[in-house]
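Participant: Each chain, written out:
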Amino acid sequence: MGSDIVEISINAAKALAIFLMMVQIVPMLVWVERRGSAFIQNRFGPNRIGPLGLMQLIADAVKFLFKEEFLPDKKRRLLFLAAPIIALIPGAVAFGAIPLSVPIHVEIFEFLGQSWGPYRFAFQSVELGIGIVFVLGISSLAAYSILLAGWSSSNKYSLFGALRASAQMISYELALGLSLVGILLIYNSFDFAEIIAQQQGSLAFQFLGKDIVWSFLPNWGIFYQPLGFVLFFVAVFAEANRLPFDLPEAESELVAGYHTEYGGFKMNMFYIGEYGHMLVSSALLVTFYFGGYNIPFVTPDQVLAGVESFLGLSSTGSSVATAFLLHGVFLVKVLIFLWVFIWVRWTLPRFRYDQLMDLGWKTMLPWALANTILTAIIVFIFRTQWV
Amino acid sequence: MEAAIVFYGLSFFMTVLSLGVLFNPNPIMSALYLVLTMIGVSLVFFMLDAGFLAGVQLIVYAGAVLVLFVMVIMLFDLKREVYTFSRGFFTRLLKVFTGVVFLIILVKSFFLVPETKELLNSSTQMTTKNLAGLLFTEYIFVFELLGLLLLAVAIGAVALSRIKGGTHAE
Amino acid sequence: MLSSELLHIGLNHYLGLSAVIFVIGMLTVLLRRNLIVMLMGVELMLNAVNITFVAFSSFNQNMNGQVMVFFVMAIAAAEAAVGLALAVTIFKHYKEIDISAFEQLKS
Amino acid sequence: MNDSFLFAVLLLAPIFGFLFNGLRFKNKNYKLAGAVASVAIGVSFICSVVLVIKLVAMPEASRAIHVHFYNWIEVAGFNANAAFVVDQISAIMILVITGVGLLIHIFSIGYMSHDDRPSKYFAYLNLFIFNMLLLVLGDNLLIMFVGWEGVGLCSYLLIGFWFTDQEKAAAGMKAFIVNRIGDAGFLLGIFFLYVQFSTIEFSSLNTLATDLAASGPLGWSHPLVLACICLFVGACGKSAQIPLYVWLPDAMAGPTPVSALIHAATMVTAGVYMIVRLSFVYMAAPQVMTIIAVVGGLTAFFAATIGMTQWDIKKILAYSTVSQLGYMFLGVGVGAFMPAMFHLMTHAFFKALMFLGSGSVIHAMGEEQDIRKMGALKKAMPITSATFTLGWLAIIGVPGFSGFFSKDEILWFTYASTQGSKWLWVVGVLGAGMTAFYMTRLMCLVFWGKSRVPEGTHPHESPASMTFPLIVLGVLSVVGGWIGIPHVISAILPGHPPNILGHWLEPALATANLITTSAVVEWSLMGISVSVVAISGYFAYTAYIVKTDIPEKCVKAFPRLHGLVLNKYLIDELYFGRIINPLIDISKGLWVYVDVNFVDKLTYIASDFVKSIGRLFGSLQNGNLQQYAMYIAIGVVVMLSFILMG
Amino acid sequence: MNLLSVITFLPILFALVVWFLPNEKHVRPVSLGLSIVHFFVSIVLLVKFDISSAGLQFVEQTPWVQSAGISYFLGVDGISIWLVILTTFLTPITILGGWTSIQKKTRGFHVSIFVLATTMIGTFLAMDAILFYVFFEASLIPMYFIIGIWGGKNKIYAATKFFIYTMLGSVFMLLSIITLMVLAEGQLGQMSSSLLDFYKLDLNFLPGQFLSTQTLLFFGFALAFAIKVPLFPFHTWLPDAHVQAPTPGSVILAGVMLKMGTYGLLRFCLPLFPEATAEWGWIFLALGVVGIIYGALVAMVQPDMKKLVAYSSVSHMGYVVMGLFTLNAHGLTGSIFQMLSHGISTGALFLLVGMIYERTHSREIKEYGGLAVVAPIFSIFFIIVTLSSIAVPMTNGFVGEYLILMGTFMVNKAYAILAVTGVVLGACYMLWMVKKVFFGPPGKLIKDFQGKNLDLNKTEVMTLLPVVVLIFWMGLFPGHFIKYTKASVDHMINAKQGYYLKIEGRQKKVATIKYKSTRVTR
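Which chain is which? The protein sequence lines are P, R, S, E and Z, in order. Under the numbering used here, residue 387 is the last one in the first sequence; the count climbs by one each step, no gaps. Under the numbering used here, residue 1170 is the last one in the second sequence; the count climbs by one each step, no gaps. Under the numbering used here, residue 2107 is the last one in the third sequence; the count climbs by one each step, no gaps. Under the numbering used here, residue 3646 is the last one in the fourth sequence; the count climbs by one each step, no gaps. Under the numbering used here, residue 4522 is the last one in the fifth sequence; the count climbs by one each step, no gaps.
Everything hinted at is true.
If we take Cβ atoms under 8 Å as the criterion, some of the chain R residues that face chain P in the derived model are: (1) ILE1028; (2) VAL1035; (3) GLY1051; (4) VAL1067; (5) MET1071.
Capping the alpha-carbon separation at 27 Å, the derived lysine-lysine pairs in BS3-like fashion look like this: (6) Z:LYS4153 <-> Z:LYS4105; (7) Z:LYS4502 <-> Z:LYS4200; (8) Z:LYS4161 <-> E:LYS3611; (9) E:LYS3601 <-> Z:LYS4153; (10) Z:LYS4444 <-> E:LYS3026; (11) E:LYS3601 <-> Z:LYS4161; (12) S:LYS2092 <-> R:LYS1164.
What the simulated footprint calls covered on chain E by chain Z, stretch by stretch (three residues with Cβ under 8 Å from a Cβ of chain Z suffice, anywhere in the stretch; the number is not a length): (13) 3074-3088; (14) 3150-3163; (15) 3181-3189; (16) 3597-3611.
Simulated from the structure, these hints should not be mistaken for lab results. Source: prediction; values computed, not measured. Glycine is no exception: its CB is placed at the ideal position from the N, C-alpha and C atoms.
Only chain P is shown next, with the shape it has when bound in the complex:
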């Protein structure tokens, strides 16, 4: 967390900010979802409260607060309450590990009569060398919230819903993990920052000893791993229980799946968890396949230089400015994918459970394996120096 008080406080503030950012996105997404779905279904959506229905968010929040609390009997109450919290935690922790922008470098400056040394603040709440593995690990914990919710609400349907959901999550986690292996092979590192660093500039790769540069394409992961991207994209949907895969809490059959018994704020927490997970997924998508916070064809250093020359700020100021600029770029990419999530939800019909499982085990998994092997072969052929 850093050596002195300044660093610690800024890091803490940074972590809190990122957590709040994730939490705040959820109501916005809800709004976007309702408006989007309405737009897709050619209807207006919430537009009564406040301009374009923006105030609807506040209304929903208030509604959730004042809803009546249903609690099971004493024996299962603890788990009943724990479930929504657990749903929240993985999303938040995973999001914290994803680098939202270029790290900020602060030179030595004088403040309150003490010279504070040069700082380097990573634009993420916790900087881990093993980014991917950590995120995967944390996301796998999500299953517990669903299980506990389903079980502690002690009715058959929610139990079944929970079992189905966790089974689905576990099986797609497999596909998720495997599809990432391609990325690892290409970028040779677990660290997000490094992966993003390798996606700067335009597409350049070696092919049979010669370096080929296609300047018309940005050096993004998607071009290296098109199949990997598709698999990851679908797996992420499953992980987040988003529509094509939201069978567990599908209203028509299992009423509301595992959170039938939940109302009020606890339900809200589940939403936060769900959308949080969506946010993390799209952030991962962006990081791995769309160059993260890189502006296409432009490396962050060029951006830094540009800002310094254009705004004429001091080095810390300019690094802060570039960081926030690139963060904006990153957010735009993430929002695009969030829209895609919502867009998909309201267009594709729901899978049947066996189709779901078949897709997961019989198509996704083999393709993922194929992709991994293919990538491994190509990497091997290209990387080794044929003397």
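Following the hints, put chains R, S, E and Z in place on chain P, whose structure we already have.
Facilitator: This is chains R, S, E and Z only, laid out in the frame that chain P set:
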């Protein structure tokens, strides 16, 4: 200095959790305590600079194995147990006594080994790359074998669980 | 009063921790009547062993320890799977998972 | 004809008779069977006569014909070979055996005329003769023992001849077992002698014994003394002396000629013959001699008392035999070997006569043996009663008859010999008196007196084949006495007939040294005994002929004594009560408690112990998984602690 | 050519022949013929046997288990010659005995008889301790089957008891053999289990001390043989085994198997451990005497004929053991002779009891009575055999017992006197039985058989004739039999220290064992 605090905190935390696993009459709760202990273990790995292992631990243990446990417990809908411990006061006493004696022996035996040198943090060799290197060169045979084992277990588990009969009391 | 030796975390501390966890795991196996909790006890013991492996590998700068952890994990997963499958079959037959239920299995 | 051929014929003729009759035992033709048997014995009688003639021809000193067929048992130094000898003693014996045997065979042809198994009977009889010859001719103790047991066996077979009757079979068994007890003693005697002299030939035994005796008196624990005692026990068993006489009265269950042959003439005298044969050995153990004398005297007196009260004719004769044998042992006991042999011979004649006589009486009376239902048979059976009276005169010792000479000689030796004693002489004389009493009682009740024969039976004289042997025996019992007239009597008789028998036996026997007394003392003693005999004879005559109420008065006078004596001093009951029944109880106890409960239970205990151990370990495997886990844990802990400790 | 192996393993060949006979009806006559052939083969052995030499004859020695020095070592000498002949003589009689009594599974029965014959002959001929042990144990199996399958009511109990009893004893023997083999390795440089090497061993002996090696080994062997004999405390298996065994089973069990015990004592205990025998021999003398009297007394009150005869054989075997431990020529010759004569007379007794059981199906003595009237020939044979068994002179029983008693007398007068009472008691119980069964008025059973002829048929008379002939032959001419054992017995008596059997006749070259320590003559 703070490493010590973290370590002692973590180990205390983990001990309490494992005791929870042992003493909690409700299997679901003991399963959850176990999940937390696993997370504790992954933290320990993390403290010992085995980052990749910490992640794998989370994915494998916390993510999959224990989910299996929880699912099975739920499947059986096990309530709070009336008799949590085995019959026979003296055998229980004997078991606990054996456990304690075993602990004492272990701890005594640790001090027989001369103190190893300082923990070198993030030295060059300890990267996941070397781990993978070793795994796929020296231990390749065992690795393949494990693959086979897991295949066999998968088939076995499926075969076993297909046996007719309901899971809930008719 | 905190003696320096206690503060400075050495290999023995980790071994101590793993020993404690191992014994608790063992006691779970020995004491609990519920088969699944026994399996959890086994998991605990395996994890304690993992801690020792990792501790030795990191203190001795030797990657073999970590490789072993890998294998232990694989085997633990396999063991849990089979154990639970068995538990399922037993539960189906005896309608209870208490270990005394299938004492009749003796010859 | 050389000796071995003679011996072979002598011995094998009876065997041939036995085999011939034995194989045709179902055949009812008693004439053929009887003839063959008698011829066989006749042949052996002729052989023995020839042998005796050859013996007489031999010089005085070494009068013995040895024959050795093959060595029977020959193990490391001990060799009992099938060798036979005829010397002065055995000459008399074979003559008596074959002679009297022949007469009895002839008699029993008639007797066995209406029996359903005559050939079996004659086969046994021949076998008996063969065994008796073995006993007598045996050169060593072992061959004698073979004959000894063989004779016992034949008496068992013959006593139990009519085995369908339970008592007869029991009597046979009893006889054999009592004999067997005697034989056990005989065996021990042989061992003692072999251990002492490492040889069992009579000749060598006698010579070695005399040398030993020369070297001074022998203590009680000396093997020779013990041997003599054991041999005497054997003799008692065979010759029915005090402790082991119980089988003889019961032996009367057999056919009467059998009793005549076995229980009068031959078998019972075997004991006396054995002691006479080993006279020098016995002389070397004077203390044993005195025991023999005492036992002999007691038996004589004691059997005579029982004889007086018996009502069965054969029982009376049986007890008289026991008492006469008592006399013989008395004689041998005091060292009167020659008179004992002489009495043995004369007794054989008149006792066989009397038994055959009683046989023909019983035959005539239709198997009736109770003298109370007889009387005045003199008229009905003249020859039998005539010969019987000759026998009677001989047995009570009327001077001139054979009994007198032999019994008197014994009494004289009892008195005169250093071994004997006055008291024994008194017992002897009293015995003689009682003999006179019960024999005259017999004569009165059977032959003279009033006839008490029940209507159904009308006695008639037996056919010639039965009366001829009676007549011959009658003559013999008279003439028999004359060949051994004692020296003192012959002195006063015209022509001083020499004591032929005495001279004949003298070289082969040891003789007791008599105290020097004048002839007057001898004469007076003889006078006393004759007078005692006369008085008791007259008294019996009056009691049973003249005034027949005397016996009842006597009985009323001493009712308890009479009761006691009537049922034979309860000796049999004593034996059963004290020896046989406790023995059976002990063995039952042994079988039930020791065998079944004790030893078997030990095996059960062992097997139960093993089973319980099995169960103990079994309990470890009770299916409780956790317990198995605990054992593993304990095991690990223990091992580790050892490693740490060690 | 190797005669002994032929004699030993011929019955196995016969067993095979009988097993594969097509027609069940032929099994009995064929096996009878074969056993008679076997008897004549053994007569050849008797004829070619050299009486004068005390050493081993017809020796066959080929290494069997090289490493442990165990060799297939067969040899016959004065001690064992007669027992082999007895076995071959009794086998046809056993088969004849089983002519009518064995109805079911006759094929199996005859096979087990032949196998039993092999094992018994093997035991008598084996001169190698392990080979001896193998045969000694193997003989239990067929006997177990014979009692177990064809036996009486609780045959299983009797068979198992018999088996386990003997097995328990022979375990100690095996222990002793092994110790001897190890000692042989120590002293002779190379492990070997042949008896001749054992004789060379020098076993240390502490007088009066029970725990010295020689005494322990002695008792190891002696216990196994005492159970087999059976000696007094270990005899409880015999009556059960006999009562439950079928007639032929009893004949062969009493006839030969009991002799294996006494033969063992003679072959192993006496020569191998001379000092121990001298020191502890008195125990066996005492047990022998006790056995005699105890056997006789208990026999007296037995209600069952077969049990009575069983106890009588306990008493007779008591004589044999007593004779063995007198350690003088008379005793030993007497006991060998008694072994032979007891085999014949008790075998015949069991046959006779079996025959009458065949007809009246009852062995209770009190149910009988007056049999002689109904079955004269049977009673004649019975009485002859009874005479032989109560040792009346001129029969075989007398010679044996006389010599034993004399031998015992020389050693210890008290025992002799007690043993002589055994002679009397013997007469008591046998004649008591004869009286009860044969004489007296017709008993319950006989009344039922009024009509039928109870007497013996042709085959039964043929079975008994050779026995009666042998009884009188042995009684009248014992010399013919004793002369065979004379040399061996003398050798055993005077060569007590340093007892060794030299091997007679043409001797195949066998790896001679280097002879390190000469035996210390004491």
